[in-house]
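Take the given structure of chain A and dock chains B, C and D to it, following the hints.
Residues per chain are reported as follows:
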Amino acid sequence: MNYPVWDIPFLGNGLIVAIIAIIHILISHLAIGGGAFLFVAELWSNRQSNGGKIREWLHDYATYFLVYTTVFGAVTGVGIWFAIQLANAEATSLLIHQFVFAWATEWVMFLAELTILYLYYYGWRKNSRSIQTFLAGAYFVISWFSLFIINGILTFMLTPGSWSLAKPDIFAGFFNPGFLPSLLIRSLFMFLLGGLFSLIIASRVSEDDFREKIINFSVKWVIPAAIFIPFLLLWYWSTLPENTVTLVKEGIRGIGGGRLEAITRYFWLAITSGVLIVIGTAIVAIRPKVVSIAGMIGLFMIAQFGVMGAEFFREMARKPYVIYDVLYSNSLWKQNSLNTDYMKTPYLEKAAWEPGIEPLSREHGEWLFRLQCASCHTRNGYRSIVSRTENWSGEFGYRWFLTMHESGVMPPFQGDDYDRAALSAYLVSLNGGFITADEILKKVEPEQSPADTLSLGEMSSGEKQP
Amino acid sequence: MTYYSILPDAESRLHDHSKLFGKVSRYILRRYPVWPMIDHLANKVVPVHKHSVWYNIGGIALFFFSVQIITGVLLMIYYRPGLPWDSIQRIVMEVPFGNMIRSIHHWSANLMVFTLFVHMFSTFFMKAYRRPREFTWLVGAVLMGMTLIFGFSGYLLPWDDLSFFATRVGMSEIEKAPLIGMWLADIVRGGSDVTIDTIGRFYVLHVMVLPLLTLAAIGVHLFFIQVQGVSEPDSFASLPESRKRYRKYFTEFIFAEIPVWLFLGVLLVALSAAFPRELMPEADPFSSAPEGIKPEWYFLAQYQLLKFFPGKLEMVGLILLLLLPLGILVVPFIDRAIPANSRGRLVNRIGIIALLGLIVYTLWGWLS
Amino acid sequence: MTDLAGIYLSIISYVNLPPADPLGYPVPAWILLNLSFLTLTWHLLAMNFTIGGAAILLFTLVRKNSDYRGIRHFFGSGLPLGVSYIITLGIPPLLFVQVLYGQLFYSSSILVGSFWIQVIPALIIAYSGFYYHKFKRQERPRWQWQIIVVSLILLLYIGYIYVNNLTLSMLPEKWLPIYSDNPAGGVLHHGEPTVIPRFLLFLSGAFAVAGMALIWRGTFLLRWGYQDEGRRSHSFGFKAFLLTPMIWLIAAGGIYGARPEDVAMMFAASNTTTTLLITGIISGLMAGIFAFVSLNKKKLIYPFVASWGIFGAMASMVIFRDLVRQTVLSPYFKISSIPVNAQWGMFAIFMVSLVIGLVLLIVLSVKVFPRMAEMARERFDGTI
Amino acid sequence: MADSSNTDGSKRRFLWILGGLGFGWLSAGIYPVYKYLSPQAIPDPFGEDGRALVERVTSAEVIKPGMGKNGAYGGHGLIVFRNQNGILKAFDSKCTHAGCNVEFQRDKIFCHCHGGTYNLEGKNIAGPPPRPLTELGVLEEDGLLYVYRLGKKKGDEVRA
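Residue numbers (this note's numbering), protein chains in the order written: chain A, 71 to 536; chain B, 18 to 385; chain C, 851 to 1234; chain D, 544 to 703.
Next up, chain A with everything else stripped away, as it sits in the complex (with noise of 0.2 Å):
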């Protein structure tokens, strides 16, 4: 509303955001239980006979790490941030202000993990063992901490709590009821994948018997997120917004005109690929001796895809707010969709960002488009716009706007008839059809015209009377 919409065609912003995160949240999550794996690993390998010559190897996991980590982590992660600047600047306003010392502090946590992994990787040959050990837990415990808070703000997105424009009380948003199961649900997934990469680096190991060691040592790291991952999975859906719940399991059959919902399919996507690295890690135990690099990267693959599924899952499960009963998608404040005067008052005058367009022209219902819709919609890529309404007619596009709030994943209508007619007829026209506005308006008269408006009111007093 108050700002200009990132109108990217095809792609979508949504979708530029979508991707960034998917590949951010898999490395986030490693390079803490990477850190975990580390520090274990120190501890353990003191303890080893052969500890000196599992060191050697664990230089090996940390130089991937090291890299794999900060240049793709760091910057994806940067990435994530200037993504949501442009996709939806509102709602990173709101985020900002609200959260931007507990972002700082995140910040402060970077700057040491960041350090000491480089104190701990460079003065590898020369640091005495227990500093060693000390820098890899220092390094775990706070980059876990980064996560303990970027956790409080994105489940405050979706769960906000008591917390209220009226009543910005920081800290209820930030303990908010999806706090605690996503935290844990976090930690562990991140133990898993500390594993999952090992058992690629360990891959990697010529010998069999010390390979066999290695993997017999990385596959424990699953099972804590095997066994506790689906309980907290009940917890946290039981946070959930019951609208989003509904969308999920009516999405079983295919709401919306069919096809499995999208918020569906994506939750099964998780949850297979959950599955799957059970299995393949099970596969993986009963014989250590035959993992192939190939095989290995395939798991760690496999966690990729369950990250992809659970991230569309958390964005959709938003619908239809990016914050949720606050900010809509398309950064429509909740409080000014309730006031219906504001609701109606013509587009145009409200919208800083159009160019001074001739109402009822194309370009009005372009910038509507534009203004209200593309901040989810493209015209004819991600979430097609064109493919939803491809057979639309002018007077129904005008109704459905009325009512489309109702569906439970779109935001309300902001504008006049004229808006409505003038969207519509823009919609007809990107399918190839050929209706102006006005001519919707005529269609669409007679319905409106007080005389029908006057003999409904005449029939229900008549049924009143006895």
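Errors might be hidden in some of the hints.
Claimed, not checked - Capping the alpha-carbon separation at 30 Å, the derived lysine-lysine pairs in BS3-like fashion look like this:
#, chain 1, residue 1, chain 2, residue 2
1, A, K359, B, K40
2, C, K1184, A, K420
3, B, K311, D, K666
What the hints assert, rightly or not - Residues from chain A that face chain B, not an exhaustive set, calculated with beta carbons under 10 Å:
#, residue
4, T334
5, T351
6, M371
7, M480
Don't read these hints as lab results, they were simulated from the structure.
Bear in mind the structure is a predicted one, so any value in this text is a computation, not a measurement.
Even for Gly, the Cβ is constructed at its ideal location relative to N, Cα and C.
This is chains B, C and D only, laid out in the frame that chain A set:
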């Protein structure tokens, strides 16, 4: 009643008596003494070299095929050849997870075709078709052909306007085949045009005839491989015995591949989550054809090539098309020298040209 | 003044500036400002070290002179760390600028969105390039300088995008036409004459910082008794250092040439600006002098003072820059106009964790650095 | 010796005959299966009066010049339209290139599959089609349209 005794050397390789697994295996082996087979299989090895990765592709294709069987059977439960479109519509709209099963079937089919192409070309460039493996190669070629027919017949079954007109176009290409063209097309269609009768034929072909034939052919293909062992590329064969490294086929090679299959399983779910198979409006044999009629990608190359031979010239195009399968069939008998001689290298070059041509034309047809 | 106000009013009439965030500032603005000044200066130091270092590394790679092997190795292994600190130290200033100037910054970012997002892939490629150089230098000597060229160009490109975006964020009157022409944010550099000089101004420090790093290195080498390498490092570092004032003069001249009356107005408006300029120049000169003094000496104090000089110069430039922004924006937007809903609790947590964190890092570094020095020394015993 | 070779020869001959017979019987046995699979002859779309009712199109829908529509007759597709001179025209809609159904577009007849184009006389003027469309005679009777094979005696009588 008499039991066969278990050979002592075999006994030594069994799990000990206490373990359940050991008990069961003894129980069975006393009755069915299949030791010779087990020994034979257990001694199977796969050479380890920098091209070994290509040995996995066949297994991957097999994985996709098994996915096809499972999802296919599930789809058959609701599919009605009498009401093709409506029953698919029901699967998509009403049956829980119907669309996911259908999408997985769709994606697995495409990936299977793709994998087979990779498998075929990798075997080709590793020259695995040479004596004594000519017939393993030929059976493989037959499998490739049957898979393409699988795709073609399955594409019609939803009976939406895209698949209807695409099939009509495809059949009209068959019609153009010299001499038998018309006759063949009519037999396949069960008439001079694609009708509901055609569904009957394609359905039986797709869910009955082809699966049986394919399973049989796969059996033969694998049997040959088990008898002869995996082929070794010249670079490996020329090594001194001391420097040749091998892995056990079943206990190591297959095991190492399982995680890859799991990954592909997730890939299928991910693809069908991100790109579920759409169902177009029901086919109407009388209305004008919709825009953007194109065959599946694995027929695009032929389709694109034929565009260059309009009208009378079409015959030339068809003959050109026949060259590729023909070459595949005869190559084991014209290029036999081990290690490869000048002719072998020539064949390789031709193969590269064919591959590039295939890729270029497919992309071209896809973009145009 | 009055006539100016008149002009401003006429501008405001068609400028559409998004309203400030409903939550207001979490602490009084001066705290945010100072935090952003401090962290931005750090960020610029890391940025200058990396870019200057990359340029020097490139030079040493192209001139295949075996004397440069030490310097090559120094930057070869140092640049990845440089990039990683550019990123990490870049976070807080970006955070605070979004709190202070959110509605300006977000709008301009969206208007150049398609470039703004390119920062991410560009950064990944540049970063990987440096790591590739670090790990593969010995194995694959080919393609080394080409890779560094790519990385360097990408870093400069990123800097250019930043300057563009932040310049645009100060010119709300340009926004609406830009957006209506290009809603996908696909246009950069909207004919604002000061963009290039501002870009140069930020880069001017590069050679000073990288050169200073070499001088530090040289001093340590001298202390360990590696005369030749130490002197080489010193002289090379100082030569590099001397490039800075030239670039700075060009940049400053460019800005004045582009907007003489505005610059004049800046200095007329308040003498803070003048003071800042003078402080900056003085500390810059101090840095130069002490850099020169520290040549071929083992004393740590000289490079120490010189480094503080650089820090002072940078800091004053950063503050000056913000004053410019506030002055230019004054017709549309005043920091004082934004309400403060203080979150002292959260702020306290931040300050405490910051202090603890810094102390921890310093302690650990003190424990580990000597050992790293040992390693460095051993490398020299093995003649690199 | 001679005997044995002789018996061999006779045996071979015998086997040949047997084989031949066997093949004969086999093909005889397969014949029904072949007939079973081969398509039944489609009935002539035109009734004994030589004309077929046009489904999905009424004469009202092609009343003005420039109006046209896809329809069906006796299980085949067709297009009916009235050209600028007000004359009704009908063509079998099967494109002569790849058998997609063509579409009437005011000034031309177009096939979406491969962009084959015909003029309003059914002549192929652009794109891949090798032959013109097969034209059908068309006539209206109390609001209904009928088509008949051109150049047919009966058809002419009907017209008269």
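Comparing the hints with the structure gives:
Between K359/A and K40/B the alpha-carbon distance is near 25 Å, which keeps this suggested pair within the 30 Å criterion. Distance check on the hinted pair: K1184/C and K420/A sit about 24 Å apart at the alpha-carbon level, within 30 Å; holds. Distance hint between K311/B and K666/D is fulfilled; the C-alpha atoms sit about 25 Å from each other, no more than 30 Å. The restraint placing T334/A at the interface with chain B holds, with a minimum CB-CB distance near 9 Å, inside the 10 Å limit.
Because the closest C-beta pair between T351/A and chain B is about 9 Å apart, less than 10 Å, the hint holds. For the restraint placing M371/A at the interface with chain B, the shortest Cβ-Cβ distance is roughly 6 Å, inside the 10 Å limit, so the hint holds. For the restraint placing M480/A at the interface with chain B, the shortest Cβ-Cβ distance is roughly 21 Å, beyond the 10 Å limit, so the hint is violated.
Hint check: a violation occurs at hint 7 only; the rest are consistent with the structure.
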